[in-house]
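> Single-letter residue listing:
Protein chains: 2
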Amino acid sequence: MGLMMEQLSASKSFGGFHKRFRHNSQSLDCEMIFAIYLPPQAEKTGAKLPVLYWLSGLTCTDENFMQKAAALRVAAELGLIIVAPDTSPRGDKVPDDENGAWDFGKGAGFYLNASEQPWAQHYRMYDYVTKELPALIEANFPVSDKRGISGHSMGGHGALICALKNPGRYQSLSAFAPIANPSNCPWGEKAFSKYLGSNRETWRQWDACELLKTAKERLPILVDQGAADSFLAEQLKPEALKAAAEAAGLPLNLRLQEGYDHSYYFIASFIEDHLRHHAAVLSQ
Amino acid sequence: MGLMMEQLSASKSFGGFHKRFRHNSQSLDCEMIFAIYLPPQAEKTGAKLPVLYWLSGLTCTDENFMQKAAALRVAAELGLIIVAPDTSPRGDKVPDDENGAWDFGKGAGFYLNASEQPWAQHYRMYDYVTKELPALIEANFPVSDKRGISGHSMGGHGALICALKNPGRYQSLSAFAPIANPSNCPWGEKAFSKYLGSNRETWRQWDACELLKTAKERLPILVDQGAADSFLAEQLKPEALKAAAEAAGLPLNLRLQEGYDHSYYFIASFIEDHLRHHAAVLSQ
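In order, the protein sequence lines correspond to chains A and B.
Residues in the first sequence are numbered consecutively from -7, following this note's numbering.
Residues in the second sequence are numbered consecutively from -7, following this note's numbering.
Any given hint could turn out to be false.
Copies of the same chain are indistinguishable here, so a pair counts whether it falls within one copy or spans any two.
Said to hold, decoys possible - Subject to a maximum C-alpha distance of 30 Å in a straight line, what follows is the list of computed BS3-like cross-link-like pairs (lysine-lysine):
no. : residue 1 : residue 2
1   : K138      : K205
2   : K205      : K123
3   : K208      : K60
4   : K208      : K182
5   : K60       : K11
6   : K157      : K36
7   : K123      : K157
Hints in this document: simulated from the structure, not taken from any laboratory.
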C-alpha cells in the first residue's frame, strides 16, 4: 500500500505538531522519511488547510528546515501545513557517488527523474515530490487542494521546476538562493551529466531558465538571494533567472539581501515574508 | 593573553550577526568555541547592550541554541546580545567518560568546578561561564553591565546555580526544563559523584534546590517545563524546585506546558517569552 506510513516522532511546537514519518516510496524504490508541521488549526474537526512543500538543499534531510528555519511560529499563525521531504533516495541499496561527494548522489537528488544508469531506478525525486508525496499527504492529513512550493539552493531550483512543469498544480511559488540555471554551473553540470547523460538537449526540461522560455505558468515568484552568498557568482546565477523571467514576462520579485550568506541564518531572517507570500494566495 | 580570540564565522541574521569564536581558555586549560549573536543595534557607535548568557543541555555545543531556538528575531527586536558557550571542555587532552557516555564528560560539564581526578584540571565550567567568558565578552563586544542567564536542562540548572551563587551579578534569570535537583536524579548523581566525589555534603553547593535554602539572591525566576517531557519525573523534578523556592520565599513562575517535550521545538515555542522576561529588566 503506497499510502501507508509509520510515525517516528511527534513534538508539539507553537501549539501544533512537528511529526516525522517513514514510508515505502514506490517512485524511489526505497524507504523515505519526511517531516510535516501541522499547525494548531489542523486539530479542528473538518479543517482543510493549505500545504507548502519545502525542498531542501544539498546535504540536507527532512530535518534542516524544520529545526533551523524558524518557520513554525508563522505557520502556526497562518494555519499553513508545511511538508519537508528528504533530498534524495536513501538506503543501502541506493547507489551513491563513488567518492562520497556531497554534491551528487545521496543528499543531492536535484528533484529530477534520472534517465541514466545506475541512477534511473531510484533517483526519481521529481515524481516523488510532485506526485507520490502529495498523494500520501492528501490521503493522510487535513489538507485543502491549495499547494505552494518553495525551497533553498538545489531545492529552490527544485521548487521552480516543479511549478513551471505543472501549470496550475501549485498556487504559490518562492525560493531562497536557487541554483537558477543548473545547465550552466558546476553543481548542475555535474549532476545533470550523470543523472541525465551528456546530451544537453535533454537537460533543458530540467532547467528553470530553459523552462521559462516556454512556460505556461504565470505565478508571481518571490526569490531572496544573499548578496554575500559565497556561491552566488559561480553556482547560483540569479541574473540568469531574472533575464529568463523578463523574457517570458513572468513576474519575478528578486530581492538581493545585502550582507546575507547561504545559511539557514539567512533563510530564518526572511522566511516570514515567504510564508506570508504563500498564505496570501493559499488561504484565500 | 586571555582576552584574545579568533573569529571562525559570521552570518548575518535579522539585521545583526551570528558569529563564532575560538579562544584559549585558562580556566578550562583547552581551546573553546563560543557563539554570539550581535543584534543590529550593536553596530551603533557607542552602543552598550545587555547580554544574555545561554547554557545548553547535555550533548550540545555552542551551535544548538543559535540554530534551533528561533531566538534571533526577538533578540534583534529587543537589542539583546546572546552568548552561547559550549557545554564542557573540549579537545584530545581533555579526559572523557571511559565508555563515551553522552551524559558525562565531554558535552556534559554540568557548569560546576570538579574537585576529583582526572576531572579537576579541565572541568571548571562554572569558572568559565561566570568569570572568564564574561570578561572576554566585556573586553571585546559592546556590552553593558546588565547580564541575564538562562539555559536548558543541564544548562537550565547551570543558569540557576550561576545566579544563586552570585547575588547581584545577574539581573535576570530563567530556565527551560532544568535538571532542578541533580543531587536526587540519575543524571546528576552520576555527574556529581564523579566530578565532586562521593561526599554528598560537597554536592550541596552545586544543587539549585540546596542553594535556595540559603540564597541571598531574590531574582524572579521564569521556568517553562513541558508536561510531556519524557525526562520529567525521573530527571527534572520541577516540584523540588517549586518547593525549595516557596520555602525560600523566592518568586518562581513555573509554567507546565501541556503536550510539550524536551526538544528545541518546545524551546522555540516559548523563547520569546523568556527573552522579553530578560529584556524587561536588562534593557531598563
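> All hints, please: hold or fail.
Going through the hints against the structure:
| no. | hint | in the structure |
| --- | --- | --- |
| 1 | K138 / K205 | within (26 Å within a copy, 58 Å between copies) |
| 2 | K205 / K123 | within (24 Å within a copy, 62 Å between copies) |
| 3 | K208 / K60 | neither (34 Å within a copy, 39 Å between copies) |
| 4 | K208 / K182 | within (28 Å within a copy, 65 Å between copies) |
| 5 | K60 / K11 | both (15 Å within a copy, 16 Å between copies) |
| 6 | K157 / K36 | neither (34 Å within a copy, 48 Å between copies) |
| 7 | K123 / K157 | within (12 Å within a copy, 59 Å between copies) |
In terms of the numbered hints stated before, the structure departs from hints 3 and 6, listed from lowest to highest.
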